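Construct the entire structure; sequences and hints are all you get.
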Amino acid sequence: MNKLMSSLSSLPLRRGLIGAALAGVLVLAGGLAPASAQEHGGTKPHRESWSFAGPFGKYDRAQLQRGFQVFKEVCSSCHSAHLLAFRNLAQPGGPQFSEEQAKVVAEGYQIQDGPNDAGDMFDRPGRLSDHWPSPFPNEQAARASNGGAYPPDFSTLAKARTYEVGFPGFLIDIFTQYQEQGPDYIHALLNGYVDPPEGVTVPEGAHYNAYFPGHAIKMPQPISADQVTYTDGTPQTVDQYSRDVTAFMMWVAEPHLEARKRIGFQVMIFLIIFAGLLYFTKKKVWKAVHDH
Amino acid sequence: MSGHATFEPKNPALKWFESRLPLVGLIHSSFVAYPTPRNLNYWWTFGGILSLMLACQIVSGVVLVMHYTPHVTLAFDSVEHIMRDVSYGWLIRYIHSNGASMFFIAVYIHMFRGLYYGSYKAPREVLWILGCIIYLLMMATAFMGYVLPWGQMSFWGATVITNLFSAFPVVGPTIVEWLWGGFAVDNPTLNRFFSLHYLLPFMIAGVVVLHIWALHVVGQNNPTGVDPKTPKDTVAFTPYATIKDSLGMVVFLIFFAWFLFYIPNYLGHADNYIPANPLVTPAHIVPEWYYLPFYAMLRAIPSKLGGVLTMFSAIIVLFFVPWLDTSKVRSGVYRPLFKQFFWIWVAVCIGLGWLGSKPAEGGYIVAGRILTFWYFAHFLIILPLLGLFEKPKAVPASITEAVLGKKGSAPASVGAQAPQTKG
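Here the protein sequences come in this chain order: S and W. Residue numbers 1 to 292, in our numbering, belong to the letters of the first sequence in order. Residue numbers 1 to 423, in our numbering, belong to the letters of the second sequence in order.
Heads up, some of the hints might be wrong.
Once the Cα atoms are required to be at most 27 Å apart in a straight line, the calculated DSS-like pairs of lysine-lysine come out as [said to hold, decoys possible]:
id, chain 1, residue 1, chain 2, residue 2
1, S, Lys58, S, Lys103
2, S, Lys283, W, Lys304
3, S, Lys282, W, Lys229
4, W, Lys229, S, Lys284
5, W, Lys391, S, Lys287
Treat the hints as calculated values from the structure; they're not laboratory data. It should be emphasised that the depicted structure is a prediction, and the values quoted were computed from it without experimental measurement.
So, in C-alpha cells, the structure goes:
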C-alpha cells in the first residue's frame with residue numbers, strides 16, 4: 001500500500017498535477033484576459049537614469065538648483081507647492097542653497113500675514129519659515145485661469161504619478177529597487193508633446209501628449225528651449241530642463257531620500273552581521289541536539 | 001507537555017515576590033522551560049516574527065499619533081508634516097506603512113504553514129479559531145489605518161468597502177450610515193476610523209495572549225504532526241527556540257528593511273499621494289495587496305450581495321477547516337494527494353490576488369469566477385473527500401524517529417537528551 005502511494009506521489013505525476021494547475025491558473029488569468037497595455041491609453045515612459053536611484057542614490061545638488069530655477073521661473077506661475085518651505089532650500093539633502101541665498105529667495109515674495117493690532121491683514125516679505133506662496137488664491141481661481149483644469153500641487157506630485165509596469169517587471173523591480181515611475185512619467189510627459197497621429201483629433205483647449213492618459217492634456221507645452229538661462233553652461237534644451245525640474249520635484253516630494261538610503265545601508269550592514277552571528281550561535285547551541 | 005522544571009528563585013526578594021505573584025515563574029515556564037518539539041523548521045519562526053511585528057506596529061503607531069491630526073482638512077498635510085518636519089518622521093511613518101504589509105506577509109506564511117501541517121486539527125481547533133479572529137481583526141485594523149492619510153485611495157477605498165454593507169437587505173443602508181456617521185464618507189468617518197484603528201491593535205494583543213495561552217495548553221504542532229511522546233522529542237524553549245526564532249526575526253527584518261529603506265512606496269499606491277477628493281474618482285480603485293484575493297471574489301460574483309457574502313464566506317470558511325478536513329493524519333508531509341491540492345490552492349490564492357489588481361472586465365471576471373469556485377471547493381469538497389479516499393504514507397512513531405531514524409528512538413536512550421536548561 002505504501003509503495004502504491006509513494007509511486008502515486010512520485011515526482012513526474014506531482015509535477016504534472018501542480019504544473020497543470022499552475023498553467024491552468026495562468027491561462028485563465030492571462031490568456032482569457034484582455035490586453036491591458038492599452039487600457040490607460042498612454043505609452044510606457046522610458047526608464048531614465050536618475051542620480052537618486054538605487055541603494056546609494058543621492059540628489060545632484062547642481063541639478064536640484066537648476067530644477068529649482070525652472071520651477072521658480074516657469075512652473076510656479078501655475079503650480080503651487082504648498083508643503084515646500086523656503087527653509088527647505090537650505091537644508092541638507094536638498095539643493096543646499098546657503099541660508100543667505102534661501103533668505104533672498106524668500107524675500108522676493110510678498111506673504112500675507114496678520115491680523116495686526118488694528119485687525120488688518122498685511123503683506124510682508126517672505127521669511128525662511130514661510131511656505132511657497134501659491135499662484136492662485138483657491139482652486140476655482142486656478143481653474144478659471146487654466147481652461148478649467150487645476151494645475152496639480154507639486155508637493156507630492158513626483159510620488160503621486162505612476163504607470164503600470166505589468167508582469168513580470170513589477171517583481172523584478174523589487175530586486176532592482178526601481179522606484180522612479182513618477183519621475184520617469186513626468187520626464188516623459190514633459191517631452192511628450194508631439195503631433196497627434198493621423199486621424200486623432202484633440203478637443204478644443206487641450207493638447208496632444210504621447211504619455212498623458214487619454215492623450216489630451218490641458219497644459220500646453222510648458223517649456224521650450226532656451227526659455228530659462230542656466231549660468232553653469234548646462235545645455236538649455238527641453239530634455240535637460242525636464243530632467244532638472246523632475247529631479248527637483250522628486251526632492252520636493254521626498255526631501256529625506258538621501259538620509260533614508262544612507263541609514264538604510266547602515267541598518268542593512270548591522271542586520272546582516274547580526275544575522276550571521278545569530279546563525280553561528282544557533283548552530284552551536286543546536287549542535288548537541290542534532291545527533292541525539 | 002509535562003515534566004518541565006518549575007522555577008525556584010534563590011534570591012530572597014524574588015522569593016518574597018514570587019510567593020505573592022508568580023510572574024517570573026509564569027514567564028519561566030512559558031518562554032524558558034516550555035518544551036518545544038525538536039524538529040520545528042523555520043516556518044515555525046513566524047509566530048515570533050508576528051509578535052515582533054505587532055509590537056513594531058503598536059510602538060511606531062503610538063509615535064505617529066503624537067503628530068497626526070484626524071481631520072479631513074488636515075490629515076493629509078499632517079502625514080506629510082511627519083514625513084518632512086518630524087525628526088525621523090519619515091522613518092517612523094515608513095516603518096508603520098510597510099510594517100503593515102510585512103505583518104500580512106508573515107501572517108499569510110503563518111496561516112499557510114498551519115494549513116500545510118494540519119495545525120488546526122484536534123486538539124488545536126480553538127488555537128486555530130483564535131488565529132482566524134486575529135486575522136479578521138488585522139484586516140479591519142489595516143483597512144482603517146489605510147484611510148487615515150486621507151489620500152485618494154484612502155477615501156475611495158473607504159467608500160467602496162463601507163458601501164459593501166449597503167448590499168444587505170433592509171438593514172444595509174442603516175449600517176452604512178452608522179459606519180459613516182453621516183451620509184457620505186467624511187470627517188466623522190475619519191474620526192471613528194482613527195479611534196478604532198488605535199483600539200483594535202490592543203484587542204489583537206489580547207487575542208494574541210489567548211492564542212499563546214491556547215498554544216501552551218495543547219503544545220505546538222510540528223512537521224511530522226506526531227505529538228511529542230518522550231522528553232527526547234522536545235527541547236527547552238530557551239535556548240533552542242529562542243535562538244532559532246531570533247535568527248528568523250533578524251532575517252525577516254532584513255527583508256523588511258529592504259522595502260522600508262529602498263522601495264518604501266512599492267507596496268502602496270501612487271494615488272494615495274493625491275489628497276482625497278470626493279469629486280474625482282481614481283481610474284482604478286484597488287485595495288491594498290493583502291485584500292486583493294477577496295476583492296477578486298467580490299467582483300467575480302454578478303450580484304452585489306452575492307459578492308459580499310462570498311467575500312466574507314472566504315474568511316468564515318477558515319473557521320470550519322478543523323471539521324472540514326476529515327483526514328486522521330495531521331501533517332501534509334504524509335498526505336501525498338493533499339500536498340498537491342494544497343499547492344494548487346496556494347496558486348489559486350495568488351492567482352486571485354493578481355486578478356484583484358486587474359480591472360473587472362472580460363476574461364478577468366471569468367478567471368475570477370473559476371478561481372473563486374476552486375477556493376471554496378478546496379475547503380468544501382476536496383478537504384472532506386481527501387480524508388476519505390486518500391491513502392496516507394506511514395507516519396513515524398515519534399518525532400525522534402522522524403529526525404534520527406528508527407535507531408535513534410530506541411527505548412534505551414530515552415531521557416538521555418535532557419533539555420539543557422540553564423534558565
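The hints, checked one at a time:
1. With a C-alpha separation of about 25 Å, the suggested pairing of lysine 58 (chain S) with lysine 103 (chain S) holds against the 27 Å cut-off.
2. With a C-alpha separation of about 55 Å, the suggested pairing of lysine 283 (chain S) with lysine 304 (chain W) is violated against the 27 Å cut-off.
3. Our distance criterion of 27 Å between C-alpha atoms is met by lysine 282 (chain S) and lysine 229 (chain W), whose separation comes to about 25 Å.
4. A C-alpha spacing of about 26 Å is found between lysine 229 (chain W) and lysine 284 (chain S), which places the hinted pair at or below 27 Å, so the restraint holds.
5. A C-alpha spacing of about 36 Å is found between lysine 391 (chain W) and lysine 287 (chain S), which places the hinted pair above 27 Å, so the restraint is violated.
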